[in-house]
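**Q** Since the structure of chain A is already known, use the hints to place chains B and C with the ligand on it.
In case you want the letters, here they are:
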Amino acid sequence: MSPDLPLLFAERAGDYRAGIHHCTAAELREVLARLLSAASRVVIPPGLPQEWIDGLTVPLLLDGASPAGPAGSGAAAPITGLTAADLDAPGVSVLTGCAVAIAETGTIVLDAGAGQGRRLLTLVPDHHVCVVRDAQVVADVPDMITALPDPTRPLTMISGPSATSDIELNRVEGVHGPRRLDIVCVH
Amino acid sequence: MRIALFVTCLNDALFPRAGIATVTVLERLGHTVSFPQAQSCCGQMHANTGYAAPARTLERLTEQAFAGHDVIVSPSGSCVAHLRAHTSLPVYELSELLIDVLGVTDVGATFPHRVTYHPTCHGLRVLRLADRPETLLRAVRGLELIDLPEADQCCGFGGTFALKNSDVSAAMVTDKCRNATATGADYLAAADNSCLSHIGGALARHPAAPTPIHYAEILASTGPAS
Amino acid sequence: MSRELPIVAGEAFAEAARRELGDAQLRANLGRATRTIRDKRARVVAEVPDWEALRDRAAAVKDDVIARLPKLLTQFEQAVTAAGATVHHARDAAQANAIVTELVRAEQADQVVKIKSMATQEIGLNEALEAAGITPIETDLAELIVQLADDTPSHILVPAIHYNRSQIRELFARRMPGFTAASDEPAVLAGAAREYLRRTFLAAKVAVCGANFAVAETGSLVIVESEGNGRMCLTLPETLIAVVGVEKLLPRFADLGDFLRLLPRSSTGERMNPYTSIFTGVTPGDGPRRLHVVLLDNGRTTVAQDPVGRAALRCIRCSACLNVCPVYERAGGHAYGSVYPGPIGAILSPQLTGQDAGFNRTLPYASTLCGACYDVCPVKINIPEILIHLRQTGPKPAAERAAMASLSWVMRDRRRWRLALRAARTGSAPLRALTRRRGGTLHRAPWPLSAWTRHRDAPLPAAETFRDWWRRTHES
Ligand code: SF4
Chain A
1 MSPDLPLLFA
11 ERAGDYRAGI
21 HHCTAAELRE
31 VLARLLSAAS
41 RVVIPPGLPQ
51 EWIDGLTVPL
61 LLDGASPAGP
71 AGSGAAAPIT
81 GLTAADLDAP
91 GVSVLTGCAV
101 AIAETGTIVL
111 DAGAGQGRRL
121 LTLVPDHHVC
131 VVRDAQVVAD
141 VPDMITALPD
151 PTRPLTMISG
161 PSATSDIELN
171 RVEGVHGPRR
181 LDIVCVH
Chain B
1 MRIALFVTCL
11 NDALFPRAGI
21 ATVTVLERLG
31 HTVSFPQAQS
41 CCGQMHANTG
51 YAAPARTLER
61 LTEQAFAGHD
71 VIVSPSGSCV
81 AHLRAHTSLP
91 VYELSELLID
101 VLGVTDVGAT
111 FPHRVTYHPT
121 CHGLRVLRLA
131 DRPETLLRAV
141 RGLELIDLPE
151 ADQCCGFGGT
161 FALKNSDVSA
171 AMVTDKCRNA
181 TATGADYLAA
191 ADNSCLSHIG
201 GALARHPAAP
211 TPIHYAEILA
221 STGPAS
Chain C
1 MSRELPIVAG
11 EAFAEAARRE
21 LGDAQLRANL
31 GRATRTIRDK
41 RARVVAEVPD
51 WEALRDRAAA
61 VKDDVIARLP
71 KLLTQFEQAV
81 TAAGATVHHA
91 RDAAQANAIV
101 TELVRAEQAD
111 QVVKIKSMAT
121 QEIGLNEALE
131 AAGITPIETD
141 LAELIVQLAD
151 DTPSHILVPA
161 IHYNRSQIRE
171 LFARRMPGFT
181 AASDEPAVLA
191 GAAREYLRRT
201 FLAAKVAVCG
211 ANFAVAETGS
221 LVIVESEGNG
231 RMCLTLPETL
241 IAVVGVEKLL
251 PRFADLGDFL
261 RLLPRSSTGE
271 RMNPYTSIFT
281 GVTPGDGPRR
291 LHVVLLDNGR
301 TTVAQDPVGR
311 AALRCIRCSA
321 CLNVCPVYER
331 AGGHAYGSVY
341 PGPIGAILSP
351 QLTGQDAGFN
361 RTLPYASTLC
371 GACYDVCPVK
381 INIPEILIHL
391 RQTGPKPAAE
401 RAAMASLSWV
411 MRDRRRWRLA
421 LRAARTGSAP
431 LRALTRRRGG
441 TLHRAPWPLS
451 AWTRHRDAPL
461 PAAETFRDWW
471 RRTHES
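Residue numbers (UniProt numbering), protein chains in the order written: chain A, 1 to 187; chain B, 1 to 226; chain C, 1 to 476.
Next up, chain A with everything else stripped away, as it sits in the complex (with noise of 0.2 Å):
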């Protein structure tokens, strides 16, 4: 992998006017707790490092039917299987890791895998955070697509808030999906 690849990659995300945030990993537990101080829950998808959970000062939504198992936390009871109106709710964040992130065009790749969770977790909160190590940044699509795991499983790629280009043809952002992405890249 070059060394450039995981700049090139917070660069380009940038772009899209995700907020993007560097750290070291002995620093993210603190970017996390200060990214999300203000949302009024934070999802939790199973399989998150407990190491990014502990800061949170904020209650937890803990999501449980996956098949890699429920997160053990103490910050809240795990509640199985969040429904679409409780993601819904005002000032929910969610908080994940990723698969994938591809360099060239800033992009996140979410497969379901652990950290990742269901894809309604990380489409009906307003807030993203995603967490991406240097080693998860590949150069393009194509090395994206030999990277992952499963190709079968859900895939969901991410290159920026929800946005559209319908009006007079140019990128705005806030539809549907969530209005704000925080991409911490940890180096």
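Rather than coming from a laboratory, the hints here were simulated on the basis of the structure.
Backbone N, C-alpha and C define an ideal beta-carbon position, used for all residues, glycine too.
Any given hint could turn out to be false.
[To be verified] Facing chain C, a subset of chain B residues (Cβ under 10 Å, in silico):
hint, residue
1, Val23
2, Tyr51
3, Cys121
4, Met172
[To be verified] 20 Å max Cα-Cα, derived DMTMM-like pairs, lysine to aspartate or glutamate:
hint, chain 1, residue 1, chain 2, residue 2
5, C, Lys205, C, Asp110
6, C, Lys205, C, Asp286
7, C, Lys396, C, Asp356
8, C, Lys40, A, Asp15
9, C, Lys396, C, Glu385
10, C, Lys40, C, Asp50
11, C, Lys205, C, Glu130
12, C, Lys40, C, Asp375
13, C, Lys205, C, Glu238
14, C, Lys40, C, Glu52
15, C, Lys396, C, Glu11
16, C, Lys396, C, Glu15
17, C, Lys71, C, Asp306
18, C, Lys205, A, Asp88
19, C, Lys205, A, Asp86
20, C, Lys40, A, Glu11
21, C, Lys40, B, Glu150
22, C, Lys40, A, Glu168
23, C, Lys40, B, Asp152
24, C, Lys205, C, Glu107
25, C, Lys71, C, Glu217
**A** Okay, now just chains B and C with the ligand, sitting in the frame of chain A:
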């Protein structure tokens, strides 16, 4: 070098000056030009209007008319493109012949006027003439070449398109005329008299518009236009 | 079905275009939008050094699909069935509409949410559902605009391209309950669409989508979108019905690598669109419980038999050809009388329906053959070549046939040609004398040349033809 001229039916009948200019430039450079009398039309007009059989006939006749000639030149980008796609003739657009085959960019011309150049669609996107015509024009003494805004936009000619869809065609040529006039040039040059007759016909109705001219005529010129 | 399909032009292109040209606002909106997207596309394409190689590979992959269509369809059907989906085959629009209507009825739903899909527009699915008492709700912002305005789409990618922001604000204020915003900022308008549709999404039982790609190897479907309305439709309702044109197939999953690089850059001029969903059958606990795939032929197999015309089936509906087309830019999408406008529409609609349908025979002439479309097409469809091919194989007016036949008869013979040139020269001599003062061009000519002189002067035959000059100067 012996060079055969394919003048094209349109130039033969309506715009002989483009053919005469081509001959003049090549003879001035010391080459021998021949004009096979059996030539008429390359078939492009029939093919593009939807008449395959007569087009094939005319293509074959053009092939026969030029059989045995190693280098053929034509002052029409679209006809060269058609012949190249449908025959095996070694045919070159004038600027290709001058630059690629003869290795000349300065043809010894003088034309003390302001000129803007419209790269016709066939020249631009089929023959990929790139800046060959402009390279030749830049070497002309006294000539000031002015960039044409939105030069790559089609003028709206398109053969029978200009008749069948004359309103859209007119809307397109109106924009081309506006851009051409905005340059303040004295002349609008191009490598195809079909497009030029269309643009020129519209320019004739624009005040203070540049005069249409085939760029071969500029290359043939040795002084101010009469 | 007696109703004409939405891919059959109801009037000649030239007539429709003349009317649309009269709308100055439309032309201003189109000019601005197409220029924006042309520039954006050019910028992001220039970033990719191997763009031409990508196009060549993509064209070859699609040609392989067209050549092996039956085999790949079987492979896709097996894979997606194994992944829990049900496959249906629709020979034509009527069959496809009947299948979808039946599936919606079986869910006892009286409304469906829809992701923008060219295939469902092509078959007139919305009209068929409405006739069956089912309300289709378009969830794409542009489709919503068009639906609220009781209008029809005018662009493949941006169906409401003919509206500017202030027109959209005014429309929302009139037709969207609860809309009060004074601003016409696109973000405000998009936010209003979010509020308006959110309850609908959360309550929807059935969604209908198309697909950008269908992977034979894995049975995966791919939906490329921007707003997230697609993701809503793909994950919230219990039942998902995908109407997929058979030419959407790709042989291998790995083929997506090239196509997902080509499509967003060509369509919205972005490195990547905001959301791409790739899903394979049904995943327990994630997304719909039932997936139906309706494989739509509707003329495609016939098009695949035409050695020249079949390249049109490579199309990935990026709409780059529309955005660079000077004819589309002036006439607008409605002039093509089909849900497929622009250069691709001019070669696709007449092929899908046959050129005898409605006025579709006029579409192959809606082009100057300038080639701008071929230059940008990500799958390298030689659109001018197919336009010419369709002209050569389509019906033609008798008067024109006669004129072209006699012209070629004259041109075929060197003596006849020389005599004709002389006759034209002699015949036009008085006109030349009359017009000398104004540059020797003709201001007004009789029919059929009046179509020319209505907008521009016509040239007159020269006083001396080239061959006479040659004879005089080189042969005496
Ligand atoms: S023909 Fe080519 S450029 Fe036009 S929409 Fe289809 S893929 Fe895009």
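**Q** Confirm or reject each hint.
**A** Checked hints:
1. Val23: This hint holds: Val23 (chain B) lies near chain C, its Cβ roughly 8 Å from the closest one there, short of 10 Å.
2. Tyr51: Since the shortest Cβ distance to chain C is 5 Å, the answer is holds.
3. Cys121: Hint on Cys121 (chain B): holds, closest Cβ of chain C at ~4 Å, below 10 Å.
4. Met172: holds, 5 Å
5. C:Lys205 with C:Asp110: holds, 9 Å
6. C:Lys205 with C:Asp286: Roughly 15 Å separates the two Cα atoms, so the pair holds.
7. C:Lys396 with C:Asp356: holds, 11 Å
8. C:Lys40 with A:Asp15: With a Cα-Cα distance of about 14 Å, the restraint between Lys40 (chain C) and Asp15 (chain A) holds, given a limit of 20 Å.
9. C:Lys396 with C:Glu385: Cα-Cα ~18 Å, so holds.
10. C:Lys40 with C:Asp50: holds, 18 Å
11. C:Lys205 with C:Glu130: holds, 17 Å
12. C:Lys40 with C:Asp375: Answer holds: Lys40 (chain C) to Asp375 (chain C) is near 16 Å, not above 20 Å.
13. C:Lys205 with C:Glu238: Distance ~6 Å between Lys205 (chain C) and Glu238 (chain C) Cα, so the pair holds.
14. C:Lys40 with C:Glu52: Holds, because 18 Å separates the two Cα atoms, which is no more than 20 Å.
15. C:Lys396 with C:Glu11: Distance ~16 Å between Lys396 (chain C) and Glu11 (chain C) Cα, so the pair holds.
16. C:Lys396 with C:Glu15: holds, 17 Å
17. C:Lys71 with C:Asp306: Given that 20 Å is the threshold and the Cα spacing comes to 19 Å, the pair holds.
18. C:Lys205 with A:Asp88: Satisfied, since the Cα-Cα distance of roughly 18 Å is no more than 20 Å.
19. C:Lys205 with A:Asp86: holds, 18 Å
20. C:Lys40 with A:Glu11: holds, 18 Å
21. C:Lys40 with B:Glu150: Status holds; Cα separation ~16 Å.
22. C:Lys40 with A:Glu168: holds, 13 Å
23. C:Lys40 with B:Asp152: holds, 17 Å
24. C:Lys205 with C:Glu107: This hinted pair holds, its Cα atoms lying about 8 Å apart.
25. C:Lys71 with C:Glu217: Roughly 11 Å between the alpha carbons, so the hint for Lys71 (chain C) and Glu217 (chain C) holds.
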